[in-house]
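S.K.: Chains as they are written, first to last, in the numbering used here: chain A, 1 to 116; chain B, 1 to 114.
Careful, some of the hints might be misleading.
Short, incomplete list of chain B residues facing chain A, as computed with Cβ under 7 angstroms [what the hints assert, rightly or not]:
1) 2
2) 16
3) 66
4) 111
5) 112
Simulated coverage check for chain A against chain B, where a stretch passes if three residues somewhere in it have a Cβ under 8 angstroms from a Cβ of chain B [what the hints assert, rightly or not]:
6) 14–25
7) 74–81
8) 106–113
Some but not every residue of chain A turned toward chain B, in silico, with C-beta under 8 angstroms [what the hints assert, rightly or not]:
9) 29
10) 94
11) 96
12) 102
13) 103
Simulated from the structure, these hints should not be mistaken for lab results.
Cβ atoms here follow ideal geometry from the backbone N, Cα and C, with glycine treated the same way.
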Amino acid sequence: AQSVTQLDSHVSVSEGTPVLLRCNYSSSYSPSLFWYVQHPNKGLQLLLKYTSAATLVKGINGFEAEFKKSETSFHLTKPSAHMSDAAEYFCVVSDTALGGTYKYIFGTGTRLKVLA
Amino acid sequence: SAVISQKPSRDICQRGTSLTIQCQVDSQVTMMFWYRQQPGQSLTLIATANQGSEATYESGFVIDKFPISRPNLTFSTLTVSNMSPEDSSIYLCSVGEQLRREQYFGPGTRLTVT
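Hey, can you work out the whole structure from these sequences and the hints?
M.R.: Written out as structure tokens, the structure reads:
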């Protein structure tokens, strides 16, 4: 079974400084990996995904993530944090389910706080 | 991406009662999923609901407690039965396609059981 581990439950950065949210995965084969963001009292929004194409994936709102097989990591980064980035971020791996379908396995989440 | 709506957006219910949550999508989709997000927690998959087949439940979730219907390619319901305060959570539906493996989420239903 596949799994993801988000290494930090809380991250605080100052506005304008870089953001790094860490995610490690466990998989017996090449995984599909995703980052989602959840703003307070709102639904989840897909930021970006990796599906065995380019290892550096660019997403929305200036976020990007790099798939590193040797390190089993899929860290999310952004060069300059904005106040509107404050939210909960989830790293997700897609696992094969019964009947050849799939399901998501969510990480525990990282709450990003952006300081003025 | 698909536009997904859920009804109700929130509800406060008495213990022992049942609540049915509706999930409507603006386009036909193969796969629908139901999740629970307990306060301050991550999302846990309850079941996968594919049109034309019985829902597949994850470990720890049973059909008697969380019956699901999927009558067509744009609609699904989740019922939370015989509720207790431990069922207080946000319930989210999502839709996905087999090949792309992307899922898009509804806004959620915030349930409080007193």
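S.K.: List, from low to high, the hint numbers that the structure doesn't satisfy.
M.R.: Of the numbered hints given earlier, those the structure breaks are 1, 2, 3, 4, 5, 6, 7, 9, 11, listed in rising order.
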